[in-house]
Structure formats: C-alpha cells, structure tokens
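Colleague: Please arrange chain S on chain B, whose structure you already have, making use of the hints.
Chains B and S, in that order, give the protein sequences.
Each residue of the first sequence is one higher than the one before, starting from 44 at the first, in the numbering used here.
Each residue of the second sequence is one higher than the one before, starting from 1136 at the first, in the numbering used here.
Hints in this document: simulated from the structure, not taken from any laboratory.
One should not assume that every hint holds.
Which residues of chain B face chain S? A partial, calculated answer using Cβ under 10 Å [to be verified]: (1) PHE79; (2) ARG83; (3) PHE87; (4) LEU134; (5) VAL245; (6) VAL281; (7) LEU301; (8) LEU318.
Residues from chain S shown here face chain B by an in silico Cβ test under 7 Å; the list is partial [said to hold, decoys possible]: (9) VAL1264; (10) SER1265; (11) LEU1438.
The C-beta atom is built at its ideal place from N, Cα and C for all residues, glycine as well.
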Amino acid sequence: MSAVWSAALDLFPLLWSGMITGCLYALGALGLVMIFKCSRVVNFSHGNVAGFTAFLIYGFSSGTLLELNWGSAVVLAIVAAVAIAALSYALISSLVFESDLTATIATLGIGLVIQGATLLIFGADIVSLDLPVPRFSASILGLRITGYDLTVLAVATATIGGLFLLIDYTKLGIAFRAASENAFAAEVCGLNLRFVHLFAWVIAAVLGVVGAILIVPTTFLSATTVASFMLQAFAAAVVGGFASLPGSAVGGILIGILMNLFTFYVSPEFSSTFLLGVILLALNVFPNGILARARGTRV
Amino acid sequence: MSEISQNAVSGGIPAWQGRAVARALAVAITAALVAMPFAAGGSWTYLLGVCFANSIGVLSVSVLVRYGGEVSIGHVFFVAAGAYAVAILEHRLGVSILVSAPVAVILGVALGIAFAWPSRSISGIYLAVSTMALALALPELINNASSWTGGYEGLYVSLDLIPGAPKGLQRYYLPLVALLAVAYALGCLRQSRQGIALLLARSHPVAAEAFGITRGWARLSVMGISCGIAALSGAMLAYASSTVSPSGLTLWASIFLLVGSVVSLYGLTFLHAIVGGAFVTLIPQFLASAGAWIPVLYGVALLGVILAGNLGPKLRDAVGRRRSRP
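Same shape as in the complex, but just chain B (with noise of 0.2 Å):
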C-alpha cells in the first residue's frame, strides 16, 4: 500500500510538469500546424526564427543592442518576429502554389540563414533570459507549484483559448479554414489564398515568440536552445494529426507528460531516440492524428 503510495507522490509531480512542458510543446506544434493546414508546408525555420526572438529580447532588455524594459522589448520582438514571417513568406510565396515540397525544403534555407544571423549578431555564448514573473510557490498534495509553472498554464491557455476564438468566431478564421479545407473552392469564391497563408504564418511567428519566451526561463539561451525544442514540437504535431489545431494542443501536453515518465524512469540519454519511437508508433497506429474520430467537429 504505502508503496503504491510513494509511487503516486512521484507520479503526481511528474505529470504535473509533463502538463507544463506539454503546454509549450503545444505552442510550437500549433504554430507549425497552422502554416501546414492551409498550405501543406512544412515549416522547418519555425524554431530557429523563435529562438533569434528569444535573442533579440534578451538583445533589446540587456543593452547588447538597445536599453529597454521588458514589455518594451517584447513587444519589438514580436514585431520583428512578423516582419521575418512576411519576408519568409513573400519569399517562397511563389513556391507554395506550385510544390509543396520546394516549398518545404526553402523554409530550411530560411532557417540556415536565421541561424546563421544568430550566431553572428550574439554569438554561441550562453545567455540568460529571465521571465518577470513573481517569485511564488505553494505546495498541495506534495506538489509544488511555482509562480512560474502558472504563468505558463495561464499565458498558454489564454493564447490557446485566444487562437481557437479567432479561428472559430472572426473574419480571417473562417477564411482559414475554408483555404485549409478546400483551396480550390475557396479560391473561387474569392479568398486570397496568399493572404490567408500569410495570416497562417504571422500567427504561428507569434506563437513561436510566445513559445520561446516561455521556454527559455527553464534552461539558457543558447544558438540551439530554442530549435532543440522543435523535434518536441514535430512530435506533437504528428501526434495530433499534422493537421489538426486541437490534435496538436492535445499532442503537446502528450509529449510532455511522456517525455517526463520516460527521462524519469527510463532513461534520460534518449529522449530524442524516444520521441523517434512516438513519431513512428504514432505514424502507424494513428496516422490522422489521436483526434481524428472527432474530426469536423471544430476546425
């Protein structure tokens, strides 16, 4: 009995956390399923663009290139994050339309030359970027919950919360998902499928900026911080389906909660040779996407 016990008390946390990291995840693969539901691109400078953010926050707010306090600082990164959104995608626009996947071997120039901007500007040192959050903790049921932790479950709830609103109830949602639906048809009855896509693109800038900002406080920054990330990301989009928002919302908390079981009691040396393992199981088993029974319920 008192075992089952000790191991519920470890277990507790364990998920807990797992929920946290998941919501990150959820983050990234939401913004890469959004570029690849209305246009069938993959976007692989996704993590390298959002972790340049990260730097150029921590660029702005520490005086390497400007003075600012934080808000001040993020919001110019965010800027900066859809101005690159829009280069990019005015870059390979004329791609997208003709194959995809040009168009998805394009976005890795993208990322080699973000990359390649990052290290350039900020070099490979090891920076810190703090996230103004107040110093909390409380402890229930042997959970300890910090400020930080319920920072991240509100601001990824109510960005989540916010993307599913806009797709659902605006304008510029039900013209992504009429383009994701069908874009042929959608064309037709007079959407601008570049304009749609460059919606798809700046949201999922946004998203990343969000992301990385969330991400950094657990680890450091570094010039791959942000984009060793990404092949969680990848994971959860594969499990959710590659085409499916909740899919991936879903997904993400997935792969985090089982990242967590598997480091804490399996190993912690394989985790990228874990997540191959849930990609390929998640390829065979459910290749539509945990969700897919639900599908056409929402989005």
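Modeller: Relative to chain B, chain S alone:
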C-alpha cells in the same frame, strides 16, 4: 512537348547535342580527376577523396527527391550506418573495405526499408519530419553504444584495400570509382523497367497502381535504394578520411547534404554529384575562418537555386511572349 521545352532550356541547341557536350565534359573531368593525384599535393588528394564520398551522399538524397518526391533531412543516419559498419567490421573481424562496403550497402538498404515501413502509406511530408528525429537521435545512439562505436572519440579505419599500395592514392581512387559506379548504376536505373515504374508511381500513382505498382512498394524501394547509396557514401567517407566519429554526423550535416542536392539541381549524373559534393565539402574548408557565415551562405545558395529554378521559366515565358507579339 518535352523536346520543345528542352530546346528552349538550352537556347535552341538540339537535345542530343547538349547531351553529347555533357558527356564529353564528364569524360574530360573524369580524366582530370584520375590524373589529379600526380599533379596535386596530398592535402588535395585527401580533400577530394572526402568530396567524392560526399558526392555519393548527395546522390542518395537526389534519388529520393527525383524518384520518390520526398525529402529527407536525416540521411546522415544512413551515412553513419555505413561508416560504422566499415569501422566496426574492421575492429571486430579484421576485414577490409572490400568485404565491409557491400555489407554496409546491404545494411543501409535494410535500415532504409525498415525506417520507411511505418510511413509507407501516408503523405511524403512525414518522411521529412521522422528523418529529422532520426538525425537528432543518432548522436545519442552512437555515444551510448561506445563499446562498439568508440563514443565521442570514434574509431580509426586503417586497413587498406590493396596492402602495400600507397595509402593516399587508395583513399582517393576507391571513392572515385565508387562514385562513378553509383552514377553509372543510376543511369542504368533510369533506363530500366524498374526505374520507369518508380517514376510512374510518383507522377501517376493511379496509372501505376493499374500496372500493379503500389505506392507503398514504390516508396519502400526508393527509400531502400537511396539509403543503400547513403550507406556506401558513409563507407567511402570512413575509408577516405580514415576515421569515423560522431562529430560530423549531425542534423546539420544532413541538411547540408540536402543543400548539395538542391545546388546540383537534384541531378543524378556524375557531374551533378561532383558539383553538389564539392559544394558540401570544399566551402567549409575554404571558408573555415568565416564561421557563422557558412550557414548563411548555404541558406542563401539553397534559396537562390530554388527561386531561380522557379522564377527562371516564368521570366523566360514572359520574355518569349513579348517577343512573339507582332
């Protein structure tokens, strides 16, 4: 139709003439490369040996794009499989590359098919994602199997193909011969029934299915061929550089192979492969001091070639239309 557009591409030269020029060029460059070690120093011989091995790697990525319509950013995994097969067979069994290279190819084909199996029936973009995971998992696997792979330090490959012959020359000519053989085999594949069947499965899946060629079968075969070539590239890389270590086997190396493939226009001939391999091998060598400019340069080259390939024909059409206007 294709004849006409090809004429347009080469600016009015008949297609057969263009092909003859390309063939003459290939023969000339091959002859130059064969004579190279007698004119240039040892460092050049070494560098070009590695370059030939990388050229084979570029070909493996191009095969996947051309025949499968798919992109892999994890081919370094299969390259590593070939390279470690050579090194481990030498260390454990004491056999030279003559035995281990065919084993490496068989291993690569088997791994490629095993890996493509889960995604055999779904859209191609998933292969890019799962190969990315493969490339990221590779260093973990190598470092944790250090009793076999030598961990971070890697393994030496010291046995020669022909004992007694000059080492440098062997490590130059064997990769060159392997590259020529792969290019020749790919030329044969293009003419063969099987090659045409694979192309049909890519361009007209329904028609191919009517002939009994399912998409799943085509996808597995292409992946098998491509990964076999990648493993051969790894075997040659291990032989040409005399070492195998995980430091060069990263996701970036995979992406660079893809960049090489794009820069060589996904071509499957000897000349295309040399261009792609040289791009991958020589640029980091000559721009070693440039550091972070290298990814930028690669990214710009990738985007430039893709955009030129996309915008070029459109511009030509626009110019042609203006000219033909009365």
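Colleague: Compare the structure with each hint and give your call.
Modeller: Hints, verified against the model:
no. : hint    : verdict
1   : PHE79   : holds, 8 Å
2   : ARG83   : holds, 7 Å
3   : PHE87   : holds, 7 Å
4   : LEU134  : holds, 7 Å
5   : VAL245  : violated, 20 Å
6   : VAL281  : holds, 6 Å
7   : LEU301  : violated, 14 Å
8   : LEU318  : holds, 6 Å
9   : VAL1264 : holds, 5 Å
10  : SER1265 : holds, 5 Å
11  : LEU1438 : holds, 4 Å
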